[in-house]
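**Student:** Given the sequences, and given the hints that come with them, work out the whole structure.
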Amino acid sequence: MSMSKIKKGDMVKVIAGRDKDKEGKVISVDRKKNRLFVEGINMVTKHAKPSMANQQGGIIHQEGPIHASNVMYLHKGKATRVGFKMDGDRKVRFAKSTGEVID
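Just so you know, the working numbering puts 39 at position 39 of the sequence shown, and the rest follows in order with no gaps.
Errors might be hidden in some of the hints.
Claimed, not checked - Heads up, simulated DSS-like pairs for lysine-lysine below, C-alpha to C-alpha not over 30 Å straight-line:
1) Lys7 with Lys20
2) Lys46 with Lys78
3) Lys76 with Lys46
4) Lys96 with Lys7
5) Lys5 with Lys49
6) Lys78 with Lys22
7) Lys20 with Lys33
8) Lys22 with Lys85
Worth flagging that the hints you see were computed from the coordinates, not collected in a lab.
**Tutor:** Shown next, in the form of structure tokens:
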């Protein structure tokens, strides 16, 4: 896989699962497992022991991974599919709904 359809920093909308219709910014992408971490989406509870970094310990709420097939790219506030095309000698992503180049 040379290029991913969704990248870190993109705004996405969840289209399936318990957080359906929520929107957020992509924090990180795991391309091998095809999973994303999105701000405020799929929040999980983690019980942490006290450590040097977290001296209090306790219950921590953090984002869990969500499969890439369960999100769609947001272009101008609307969810759209993403395609690839050649722009001169560069391969670029474009929004299929409008045909505009994303990056």
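**Student:** All the hints need checking, so say for each whether the structure fits it.
**Tutor:** Results for each hint:
About 20 Å separates the Cα atoms of Lys7 and Lys20, which keeps this hinted pair within 30 Å; it holds. In summary, the hint linking Lys46 to Lys78 is not supported, as the alpha carbons are separated by about 33 Å, beyond the 30 Å threshold. Proximity of Lys76 to Lys46 is assessed by CA-CA distance (about 35 Å); at most 30 Å being required, the pair is judged violated. Taking the CA atoms of Lys96 and Lys7, the gap is about 17 Å. The hint holds against a cut of 30 Å.
For the hint linking Lys5 to Lys49, the alpha-carbon distance of about 37 Å lies beyond 30 Å, and the restraint is violated. Using a Cα cut-off of 30 Å, the hinted pair Lys78 and Lys22 holds, with the two alpha carbons roughly 12 Å apart. The straight-line distance between the Cα atoms of Lys20 and Lys33 is roughly 21 Å, inside the 30 Å bound, and the hint therefore holds. Proposed proximity of Lys22 and Lys85 is supported: the alpha carbons are some 29 Å apart, at most 30 Å.
Hint violations for this structure: numbers 2, 3 and 5, all remaining hints satisfied.
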